[in-house]
Amino acid sequence: MRRILASVLILLSALSLRAQNVSDLILSEALACPDSTGILDEYGRRGGWVELFNKSTGTVSYGGCFLTDDRTDLRKSPIPKSDLRTKLGPRQSVLLYCSGNGADGTFYTAFTLAPGKTVYLVSNDGRTVIDSLRIPLNLPEGKSVVKQARDLRQMDFQTAEEPAVPTPGILNGSGDGASKAEAMAAQDPHGWTLTIVSVSVVFAALALLWFLFWLLFDRPAKKKDASATPGVTKKPGMTDEVAAAIALALDMEEDGDTYAAIAAAVHLYLADRVHDSESYQLTIRREAASAWNDKKLNFRKLPR
Amino acid sequence: MEHIFQSLAQFWEYTGFANCSWQNLAMIGIGLVFITLAIVKEWEPMLLVPIGFGMIIGNIPMFPGLNIGIYEDGSVLNTLYQGVKQGWYPPLIFLGIGAMTDFSALISQPRLILIGAAAQMGIFGAYLLALAFGFAPNEAGAIGIIGGADGPTAIFLSSKLAPDLMGAIAVSAYSYMALVPVIQKPIMLLLTTKKERLIRMPVPRSVSKKEKIIFPIVGFLTTAFIVPSGLPLLGMLFFGNLLKESGVTKRLANTASGPMIDVVTTLIGLTVGASTQADKFLSLKSVGIFALGLLSFVIATMSGVLFVKLMNLLIRNPEKKINPLIGNAGVSAVPDSARVSEVVGREIDPTNHLLMHAMGPNVAGVIGSAVAAGILLSFLG
Chain G
1 MRRILASVLI LLSALSLRAQ NVSDLILSEA LACPDSTGIL DEYGRRGGWV
51 ELFNKSTGTV SYGGCFLTDD RTDLRKSPIP KSDLRTKLGP RQSVLLYCSG
101 NGADGTFYTA FTLAPGKTVY LVSNDGRTVI DSLRIPLNLP EGKSVVKQAR
151 DLRQMDFQTA EEPAVPTPGI LNGSGDGASK AEAMAAQDPH GWTLTIVSVS
201 VVFAALALLW FLFWLLFDRP AKKKDASATP GVTKKPGMTD EVAAAIALAL
251 DMEEDGDTYA AIAAAVHLYL ADRVHDSESY QLTIRREAAS AWNDKKLNFR
301 KLPR
Chain A
1 MEHIFQSLAQ FWEYTGFANC SWQNLAMIGI GLVFITLAIV KEWEPMLLVP
51 IGFGMIIGNI PMFPGLNIGI YEDGSVLNTL YQGVKQGWYP PLIFLGIGAM
101 TDFSALISQP RLILIGAAAQ MGIFGAYLLA LAFGFAPNEA GAIGIIGGAD
151 GPTAIFLSSK LAPDLMGAIA VSAYSYMALV PVIQKPIMLL LTTKKERLIR
201 MPVPRSVSKK EKIIFPIVGF LTTAFIVPSG LPLLGMLFFG NLLKESGVTK
251 RLANTASGPM IDVVTTLIGL TVGASTQADK FLSLKSVGIF ALGLLSFVIA
301 TMSGVLFVKL MNLLIRNPEK KINPLIGNAG VSAVPDSARV SEVVGREIDP
351 TNHLLMHAMG PNVAGVIGSA VAAGILLSFL G
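Protein chains in written order, with the numbering used here: chain G, 1 to 304; chain A, 1 to 381.
Please keep in mind that the hints were generated in silico from the structure rather than gathered at the bench. Wrong hints could be hidden among the right ones.
Unchecked claim - Below, a list of computed lysine to aspartate or glutamate pairs in the DMTMM-like style, where the Cα atoms sit at most 25 Å apart: (1) A/K320 / G/D225; (2) G/K223 / A/D262; (3) A/K280 / G/D35; (4) A/K320 / A/D164; (5) A/K209 / G/D225; (6) G/K224 / A/D102; (7) A/K160 / G/D225; (8) A/K85 / G/D73; (9) A/K160 / A/D73; (10) A/K285 / G/D188; (11) A/K160 / G/D156; (12) A/K321 / G/D225; (13) A/K41 / A/E319; (14) G/K224 / A/E319; (15) A/K210 / G/D225; (16) A/K160 / G/E141; (17) G/K180 / A/E319; (18) G/K117 / G/D156.
Claimed, not checked - Non-contacting residues of chain A with respect to chain G, defined by C-beta distances greater than 12 Å in every case (computed): (19) I35; (20) I113; (21) L131; (22) G141; (23) K185; (24) I187; (25) T223; (26) L234; (27) F290; (28) L313; (29) P318.
Cβ coordinates follow ideal geometry from the N, Cα and C atoms, glycine included.
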């Protein structure tokens with residue numbers, strides 16, 4: 001039991017780690033040759049830049065990752081790990097200026113951009129390429145290459161074929177594309193895929209619920225029942241104290257109705273276990289006298 | 001004198017008589033049928049009376065532009081209708097349902113949860129059929145949810161996926177929920193043998209208060225993490241149940257399960273009914289929706305019953321077999337479908353009470369239909 005719970009916790013932890021993984025980062029836009037309207041870096045220079053976008057719903061720290069334009073040198077331009085500014089909020093982007101000198105600062109790369117080059121984003125292990133973006137040879141001056149969001153809710157990106165007007169810091173893609181329903185009509189015209197996936201998810205969700213409750217409650221309860229002394233029909237909640245209380249109540253009462261009520265309740269309780277915890281309590285409601293039904297309560301109390 | 005006649009003639013233009021069409025009369029007639037069924041037959045009176053009267057309200061012929069119609073911005077009815085259109089009412093109803101639902105039957109026999117999942121096949125069966133009949137995927141999803149046999153869920157999903165069809169979908173869902181005894185019984189009898197109907201199920205174990213408190217929390221976390229898009233419904237359902245079971249928020253639980261759900265049910269019924277204006281409701285699409293809605297109920301019932309039979313094939317211990325008559329209760333028409341299980345079961349063995357067992361898949365169906373709605377919303381919304 002403990003091992004299963006531990007495994008579940010580890011799995012959940014792994015999932016939560018995955019949610020903040022650097023693999024959720026993409027190179028969403030790059031500009032190699034700025035024109036006179038291009039943005040200036042902190043040194044007042046006008047040069048190329050790449051845009052890093054976090055498509056996840058959690059904050060991702062990209063400190064320790066690498067940028068490179070050389071597939072054989074994946075650690076060419078490291079991003080400082082110690083800089084607190086290297087955290088990217090959900091669906092946020094950051095610009096990294098390709099000045100050719102990484103010593104310029106956290107947001108500067110050790111290479112410059114040029115048409116025909118490919119920029120790689122490398123994970124903090126220095127080996128895994130997370131994403132890449134190729135700058136077309138014929139990219140005009142002042143135009144950028146972008147990854148457009150085909151579906152903003154799914155964060156589904158695709159490199160646009162046409163050069164775009166640079167939009168640094170702005171999410172690429174208007175979301176004006178085909179609606180989900182239209183996309184579904186195109187991808188799954190007969191609905192079988194959605195049906196199979198949906199039925200599987202419904203079953204998975206409820207089966208998980210079943211498993212959890214079987215594991216947490218049903219199985220221990222049945223084990224407890226099985227371990228009870230054979231031949232003794234003692235039920236949960238039917239303690240000696242309860243039996244003693246009933247006996248005491250019977251001793252104190254001389255009314256036959258009370259006996260009958262208690263006997264009926266005990267019989268029902270023992271014969272039929274279709275009750276929840278409230279049913280373990282034997283309750284006899286008495287007709288309580290009130291000012292509405294008992295005249296003597298309305299009498300004025302005179303001083304003796 | 002002439003001026004008086006002119007004024008009277010002008011007034012006549014504003015009356016319902018002058019603006020009346022056969023479509024209005026047809027819808028008023030349907031509304032009256034609903035009210036009659038609710039009062040005479042006592043079929044879902046809490047819903048059919050408000051919906052029926054709402055239909056009459058919505059179809060009183062009127063001169064356009066008076067800013068009183070349900071589709072005219074700023075009118076009183078339009079303001080009340082926003083709860084349906086924007087999807088506020090269904091989660092509030094789920095809060096009340098949660099506060100009045102006892103999940104003990106489900107907790108004591110967790111395996112019955114799966115029947116609630118199987119019965120959701122009605123939703124997806126209707127989705128496939130709706131696509132085959134030429135409905136767009138979002139419309140098909142909204143129509144399919146009728147098979148969940150859950151009015152608030154149907155309204156919630158159709159308001160998101162296909163607002164134009166919401167009136168027909170809501171009326172269809174509530175109508176078939178009222179007709180559950182009529183629709184389900186023949187299917188149950190058709191798919192089960194006498195021997196199966198006589199199966200006596202083991203008495204469920206008792207459920208502790210601790211289990212009842214933990215259920216809404218675990219249930220919510222499990223389902224919401226898998227289908228976050230079902231959050232408004234699932235969150236309210238389990239929150240309401242926690243209010244009830246915690247034992248320390250009785251006033252809140254009482255309000256949620258009493259006055260609040262009554263108010264919202266009245267408003268949702270009335271405005272849904274009023275939204276069925278003849279010009280928007282009387283169309284071939286509505287006929288298709290009603291036909292598909294019926295099929296979705298049939299498929300859901302069949303799936304539930306057949307799934308129990310399948311489970312029985314896998315259960316070796318004869319004492320643990322499940323009576324397939326509770327399979328129909330996997331649709332979430334609480335507690336009508338469970339009551340059908342009880343009635344049909346007692347017809348063949350008057351001492352075999354299935355109600356308690358049927359409540360398990362019944363409440364599982366509520367969760368299942370909310371999960372299914374969440375999935376459809378995430379795919380098609």
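So, going through the hints one by one against the coordinates:
no., hint, result
1, A/K320 / G/D225, "16 Å, holds"
2, G/K223 / A/D262, "43 Å, violated"
3, A/K280 / G/D35, "56 Å, violated"
4, A/K320 / A/D164, "47 Å, violated"
5, A/K209 / G/D225, "18 Å, holds"
6, G/K224 / A/D102, "24 Å, holds"
7, A/K160 / G/D225, "48 Å, violated"
8, A/K85 / G/D73, "57 Å, violated"
9, A/K160 / A/D73, "19 Å, holds"
10, A/K285 / G/D188, "22 Å, holds"
11, A/K160 / G/D156, "22 Å, holds"
12, A/K321 / G/D225, "20 Å, holds"
13, A/K41 / A/E319, "38 Å, violated"
14, G/K224 / A/E319, "19 Å, holds"
15, A/K210 / G/D225, "18 Å, holds"
16, A/K160 / G/E141, "44 Å, violated"
17, G/K180 / A/E319, "48 Å, violated"
18, G/K117 / G/D156, "24 Å, holds"
19, I35, "36 Å, holds"
20, I113, "4 Å, violated"
21, L131, "4 Å, violated"
22, G141, "8 Å, violated"
23, K185, "24 Å, holds"
24, I187, "20 Å, holds"
25, T223, "5 Å, violated"
26, L234, "10 Å, violated"
27, F290, "20 Å, holds"
28, L313, "17 Å, holds"
29, P318, "18 Å, holds"
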